[in-house]
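Asks: Build the full structure now, drawing on both the sequences and the hints.
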Amino acid sequence: MPEMNFIQAINTALAEELRHDPATFMMGLDIWVGAFGATSGLTDEFGAERILNAPISEAGYAGAGVGAAMAGMRPIVEIEFASFFYCCWDQVCNQAAKLRYMSGGQADMPITFRAVCGAVGSAAAQHSETVYSQFMSVPGLKIVVPSGAYDMKGLLKSAIRDNNPVLVFEHLKLGRSREEVPEEEYLVPIGQAAVKREGSDVTIIAIGYMVSQALKAAKSLEEDGISAEVIDPRSLIPLDEETILSSVAKTHNVLVVDEGHLRCGAAAEISAVIADKGFDSLDAPVKRLAAPDVPIPFSPPMEKFVLPNDKKIAATVKEMLG
Amino acid sequence: MADTSLSTDKLLDMYRTMQRIRQFESRVRDIFQEGQIPGFVHVSIGEEASATGVAAALTEQDYITSTHRGHGHLIAKGGEVKPMMAELFGKKTGYCKGKGGSMHIANFDLGILGANGIVGAGLPIATGAGLAAKVRGSGEVAACFFGDGASNEGTFHESLNIASSWKLPVIYVCENNLYGEFTAGKDVTSVKDIADRARGHDMPGVVVNGNDVVEVYEATSEAVERARKGEGPTLIECKTYRWEGHVVGEEAFLGKRSYRPADEIEAWKKRCPLITFEQRFMPDTFSQEELDTVQSEVKQAIDDAVQFAQDSPYPQPEEALDDMFSKE
Numbered sequence: 165m166p167e168m169n170f171i172q173a174i175n176t177a178l179a180e181e182l183r184h185d186p187a188t189f190m191m192g193l194d195i196w197v198g199a200f201g202a203t204s205g206l207t208d209e210f211g212a213e214r215i216l217n218a219p220i221s222e223a224g225y226a227g228a229g230v231g232a233a234m235a236g237m238r239p240i241v242e243i244e245f246a247s248f249f250y251c252c253w254d255q256v257c258n259q260a261a262k263l264r265y266m267s268g269g270q271a272d273m274p275i276t277f278r279a280v281c282g283a284v285g286s287a288a289a290q291h292s293e294t295v296y297s298q299f300m301s302v303p304g305l306k307i308v309v310p311s312g313a314y315d316m317k318g319l320l321k322s323a324i325r326d327n328n329p330v331l332v333f334e335h336l337k338l339g340r341s342r343e344e345v346p347e348e349e350y351l352v353p354i355g356q357a358a359v360k361r362e363g364s365d366v367t368i369i370a371i372g373y374m375v376s377q378a379l380k381a382a383k384s385l386e387e388d389g390i391s392a393e394v395i396d397p398r399s400l401i402p403l404d405e406e407t408i409l410s411s412v413a414k415t416h417n418v419l420v421v422d423e424g425h426l427r428c429g430a431a432a433e434i435s436a437v438i439a440d441k442g443f444d445s446l447d448a449p450v451k452r453l454a455a456p457d458v459p460i461p462f463s464p465p466m467e468k469f470v471l472p473n474d475k476k477i478a479a480t481v482k483e484m485l486g
Numbered sequence: 016m017a018d019t020s021l022s023t024d025k026l027l028d029m030y031r032t033m034q035r036i037r038q039f040e041s042r043v044r045d046i047f048q049e050g051q052i053p054g055f056v057h058v059s060i061g062e063e064a065s066a067t068g069v070a071a072a073l074t075e076q077d078y079i080t081s082t083h084r085g086h087g088h089l090i091a092k093g094g095e096v097k098p099m100m101a102e103l104f105g106k107k108t109g110y111c112k113g114k115g116g117s118m119h120i121a122n123f124d125l126g127i128l129g130a131n132g133i134v135g136a137g138l139p140i141a142t143g144a145g146l147a148a149k150v151r152g153s154g155e156v157a158a159c160f161f162g163d164g165a166s167n168e169g170t171f172h173e174s175l176n177i178a179s180s181w182k183l184p185v186i187y188v189c190e191n192n193l194y195g196e197f198t199a200g201k202d203v204t205s206v207k208d209i210a211d212r213a214r215g216h217d218m219p220g221v222v223v224n225g226n227d228v229v230e231v232y233e234a235t236s237e238a239v240e241r242a243r244k245g246e247g248p249t250l251i252e253c254k255t256y257r258w259e260g261h262v263v264g265e266e267a268f269l270g271k272r273s274y275r276p277a278d279e280i281e282a283w284k285k286r287c288p289l290i291t292f293e294q295r296f297m298p299d300t301f302s303q304e305e306l307d308t309v310q311s312e313v314k315q316a317i318d319d320a321v322q323f324a325q326d327s328p329y330p331q332p333e334e335a336l337d338d339m340f341s342k343e
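If you're matching them up, the sequences are chains A and B in order.
One point on numbering: in our numbering, the residue at position 245 of the first sequence is 409, and numbering is uninterrupted.
One point on numbering: in our numbering, the residue at position 149 of the second sequence is 164, and numbering is uninterrupted.
By construction, these hints were calculated from the structure, which means they are not laboratory data.
Wrong hints could be hidden among the right ones.
What the hints assert, rightly or not - Selected chain B positions facing chain A (in silico; Cβ < 10 Å):
hint, residue
1, THR80
2, GLY115
3, HIS119
4, LEU128
5, LEU138
6, ALA141
7, HIS172
8, LEU175
Claimed, not checked - Which chain B residues face chain A? A few, computed with CB under 8 Å, are given here:
hint, residue
9, GLY129
10, ALA136
11, ALA144
12, VAL150
13, SER174
14, ASN176
What the hints assert, rightly or not - Straight-line Cα separation of at most 25 Å, SDA-like style, residue types lysine to any residue; simulated pairs:
hint, chain 1, residue 1, chain 2, residue 2
15, B, LYS244, A, GLY236
16, B, LYS342, A, LEU403
17, B, LYS97, B, GLN315
18, A, LYS441, B, MET339
19, B, LYS342, A, ASN327
20, B, LYS284, B, ASP208
Predicted, not measured: the structure shown is a model, and the values here were computed from it.
For every residue, glycine included, the Cβ atom is placed at its ideal position computed from N, Cα and C.
Replies: As structure tokens, this is what we get:
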């Protein structure tokens, strides 16, 4: 099977979906040139009329995406860095998320928001956040966080075909990571977790880039005789509780790993679901490993200190099972 | 005085629409104060001509976005008074099945992309509807109603910039009623005429007498023509006034604190959109009797709408969980 990297997976998914449905079009900052390469070359095939280079005007063009979706189009809106979502919070949370419900189900809202997220290396707090957990408490949105090229392509295609607002968070550190991606078309359904590695002693639930770190940790734990199962929820809303709970029923120990902040974060929600519905399976309290509640710092040693990684994951698991 | 090329049918339609808005709003005000409508309501009495004149220049396929003071816009765009009134009552038969209420009525079949509870939120949405029409080449235009208050929001400038840069078929209609909530526009706005802000975005900015339905209609028709020809957006400022407070019943929390002079209200009442119309077209074009007939027909329709809303059932409580996601 041919391999491609994460960015190429995005690019291919976008091109396929723009080809698939003429109602699909894109809007975003710097997308003609493609700031990170994900949209490079799309204007050659689809023209500047469907690939719209937007002003630095998040509220303006995110809101225009909402209007276009209500008027029958399928906009794909790129917000560049996830932290820039704060500039169009109203358009995403008050408009896109709510207008279908508030109109009594009259309107479909087939809009996809894409943003790069996560700490990529001294980008400081306004360009390093994951942001998705804030959206998790806004009813009406779907949220996907792919962890590799295969899922990236399949989930993005599903997001674009979904008749609801879907937020796709693309971790920039995954940009050059490569995976096998079939040449034939496929979709990854939204709301289905993936068991990335089977194990019997502990379940590590990891989100986005943290999946790669959890897999590395699982490998090193194996050398210490600990068998770790790694679950990638892939989509945070809707959350595949069944896959998570059946893994917990098998291993009886859980660590939830997220690069986002600890307080009210994605890991907190997943932990609560397990405590609520899987309590009888647990041998010990659910443990969370996430960024402490400080803005992501600039300086490399401090940034490294706050972010979870494979070593911290392995150490936490050992502590839990010790 | 009847110096217009408009047909008598069109003129009578516009008069009927203004009557419908006036009587709908007056009734809503009254029954809200009787406690029949939950939440709070913003009525547009005195602003009937801008809603009517703009919508009369649009087709059914064209889009509008509206505001928290949106009943008039919806009626003008073809909204039926029965499901509108039922929505205000929170009834199952309302346009949004009771999930929206006064500030959030929408009807997508009529191109009404919704009233909106957030000041300035309709601007980018209308811009997007215009963008949709342009990208697929389908020819609709979007008219965006907003107030003088919204023209100080970032979304106003962001939307005008995008629409002008991309030559989108959008008509931005600022209904300048002189007050944003309880604050005079002149105290918080950098320009006397909001229309002047069009210059900053390289589009035509037009000031019209917002209480003269024919003047509004003609300015909008011109803007619609430009938009359909691909020449881009227009900003129309309708000078008007709301006779009532920001919200009905505001005296309850404002007490005796006043934010506008009584003589100002009285002066604007003399410039009533309905009286302006009657003075211009009666008796040469229409007889008193003709216009009286319209008035009483509308009264019957409003009576029926209130009855319909009162008789309609509430939604089942668990219907609160429906309509979240499209299943398709």
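Asks: With reference to the structure, classify each hint as holding or not holding.
Replies: Quick rundown of the hints versus the structure:
1. THR80: Result: holds, 7 Å to nearest chain A Cβ.
2. GLY115: 5 Å, holds
3. HIS119: Given a least distance of 5 Å, the restraint on B:HIS119 holds.
4. LEU128: Cβ of B:LEU128 sits 5 Å from chain A, so the hint holds.
5. LEU138: At about 7 Å, which falls below the 10 Å cut-off, the nearest Cβ of chain A leaves the hint on B:LEU138 intact, so it holds.
6. ALA141: 6 Å, holds
7. HIS172: Since chain A brings a Cβ to about 8 Å from B:HIS172, closer than 10 Å, the hint holds.
8. LEU175: OK, holds: B:LEU175 within 10 Å of chain A, min 9 Å.
9. GLY129: Holds: closest Cβ of chain A sits about 6 Å from B:GLY129, inside 8 Å.
10. ALA136: It holds, given that the least Cβ distance between B:ALA136 and chain A is near 6 Å, below 8 Å.
11. ALA144: Holds, about 4 Å.
12. VAL150: 5 Å, holds
13. SER174: Interface hint status for B:SER174: holds (6 Å vs cutoff 8 Å).
14. ASN176: At about 6 Å, which falls below the 8 Å cut-off, the nearest Cβ of chain A leaves the hint on B:ASN176 intact, so it holds.
15. B:LYS244 x A:GLY236: 21 Å, holds
16. B:LYS342 x A:LEU403: 16 Å, holds
17. B:LYS97 x B:GLN315: 12 Å, holds
18. A:LYS441 x B:MET339: 24 Å, holds
19. B:LYS342 x A:ASN327: 8 Å, holds
20. B:LYS284 x B:ASP208: 21 Å, holds
Hint check: no violations occur; every hint is consistent with the structure.
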